[in-house]
Amino acid sequence: AQSVTQPDIHITVSEGASLELRCNYSYGATPYLFWYVQSPGQGLQLLLKYFSGDTLVQGIKGFEAEFKRSQSSFNLRKPSVHWSDAAEYFCAVAFLSGGYNKLIFGAGTRLAVHP
Amino acid sequence: GAGVSQSPSNKVTEKGKDVELRCDPISGHTALYWYRQRLGQGLEFLIYFQGNSAPDKSGLPSDRFSAERTGESVSTLTIQRTQQEDSAVYLCASSLDSRIAGLTGTQYFGPGTRLTVL
Numbered sequence: 003a004q005s006v007t008q009p010d011i012h013i014t015v016s017e018g019a020s021l022e023l024r025c026n027y028s029y030g031a032t033p034y035l036f037w038y039v040q041s042p043g044q045g046l047q048l049l050l051k052y053f054s055g056d057t058l059v060q061g062i063k064g065f066e067a068e069f070k071r072s073q074s075s076f077n078l079r080k081p082s083v084h085w086s087d088a089a090e091y092f093c094a095v096a097f098l099s100g101g102y103n104k105l106i107f108g109a110g111t112r113l114a115v116h117p
Numbered sequence: 018g019a020g021v022s023q024s025p026s027n028k029v030t031e032k033g034k035d036v037e038l039r040c041d042p043i044s045g046h047t048a049l050y051w052y053r054q055r056l057g058q059g060l061e062f063l064i065y066f067q068g069n070s071a072p073d074k075s076g077l078p079s080d081r082f083s084a085e086r087t088g089e090s091v092s093t094l095t096i097q098r099t100q101q102e103d104s105a106v107y108l109c110a111s112s113l114d115s116r117i118a119g120l121t122g123t124q125y126f127g128p129g130t131r132l133t134v135l
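Residue numbers (this note's numbering), protein chains in the order written: chain U, 3 to 117; chain P, 18 to 135.
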């Protein structure tokens, strides 16, 4: 069965430090992968997505993610974190189910940023 | 509007009452999805609409939950006889027709409705 695991429930970093949020997926075919961010009281905003091609994808707000098929991972990275990046981050995998796009989400990683 | 909108943003109700949650998708998006997000957890899929039909209702947790959609527009999620375990944020998303866009039909989310059942 398809699943997404985000091993880190909470992460705290200092402003200006680098960030890596982990995501592992389980899916038999070529995965379609997404990272969403949810700020307090807000809906989910798409950060980036991977469908095919270059395994390093760039997103908004300076984020990037790398797809590694051998590790079944799609980790999110940012070289220098800003206080405004404090939020909850969700990784998701999409697959076609009955002819439509179904998303399976991880449990999320809550990021805190210290000044 | 430019994005997915949901109303109300917050709803507090008493156990046993019925509630209706509304979602307005992005114009032109024929696919619409409802999710539930319990505190500290990820998103649980509830139901998917293509137009006004619901090919996948597999995520609805019980027969107290139902949803409908008017054409390719507004959707309403109804919870009857609410229970405390129904307390959650209910998120709506829309996308282009997945039968055409396939997996590239990215889902765009609304801000959610926070439901609290006392």
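If you're looking for bench data, these hints aren't it; they were derived computationally from the structure.
Here a beta-carbon is modelled for each residue, glycine too, at the ideal position from N, C-alpha and C.
A few of these clues could be false.
One side only, chain P facing chain U, incomplete, derived with CB under 8 Å [said to hold, decoys possible]:
| hint | residue |
| --- | --- |
| 1 | Tyr65 |
| 2 | Gly68 |
| 3 | Asn69 |
| 4 | Pro72 |
| 5 | Gln124 |
Derived coverage of chain U by chain P (criterion: at least 3 residues anywhere in the stretch with Cβ under 8 Å from a Cβ of chain P; other residues may be distant) [what the hints assert, rightly or not]:
| hint | segment |
| --- | --- |
| 6 | 33-45 |
| 7 | 56-62 |
Using C-beta positions, here's what the derived DEER-type ranges look like [to be verified]:
| hint | chain 1 | residue 1 | chain 2 | residue 2 | range |
| --- | --- | --- | --- | --- | --- |
| 8 | U | Ser54 | P | Gln100 | 23 to 31 Å |
| 9 | P | Glu31 | U | Ser74 | 32 to 40 Å |
| 10 | U | Ser72 | P | Val29 | 46 to 54 Å |
Hint check: is the beta carbon of Pro72/P less than 8 Å from a beta carbon of chain U? For Pro72/P, the interface hint holds, since the closest Cβ of chain U sits about 6 Å away, which is under 8 Å.
Would the hint on Gln124/P stand, with a C-beta cut-off of 8 Å toward chain U? This interface hint holds because 6 Å falls under the 8 Å limit.
Hint check, Tyr65/P versus chain U [nearest Cβ-Cβ separation less than 8 Å]: holds, 6 Å
Is 32 to 40 Å a correct range for the gap between the Cβ atoms of Glu31/P and Ser74/U? Between Glu31/P and Ser74/U, where Cβ atoms are some 45 Å apart, the hint is violated.
Quick one: are Ser72/U and Val29/P within 46 to 54 Å, going by C-beta? Holds, since Ser72/U and Val29/P (Cβ atoms, about 49 Å apart) stay within the stated range.
Let's test the interface hint: is any C-beta of chain U closer than 8 Å to that of Gly68/P? Since chain U brings no Cβ nearer than about 12 Å to Gly68/P, farther than 8 Å, the hint is violated.
Are there three or more residues in the segment 56-62 of chain U whose C-beta lies within less than 8 Å of some C-beta in chain P? violated (count 0)
Chain P over the segment 33-45 of chain U, status - at least 3 residues with CB closer than 8 Å: holds (count 6)
Proposed interface contact between Asn69/P and chain U, which counts if any beta carbon pair is under 8 Å: Since chain U brings no Cβ nearer than about 15 Å to Asn69/P, farther than 8 Å, the hint is violated.
Starting from the hint 23 to 31 Å, judge whether the C-beta atoms of Ser54/U and Gln100/P obey it. About 43 Å separates the Cβ atoms of Ser54/U and Gln100/P, which means 23 to 31 Å is violated.
Of the numbered hints given earlier, the model fails hints 2, 3, 7, 8 and 9; all others are met.
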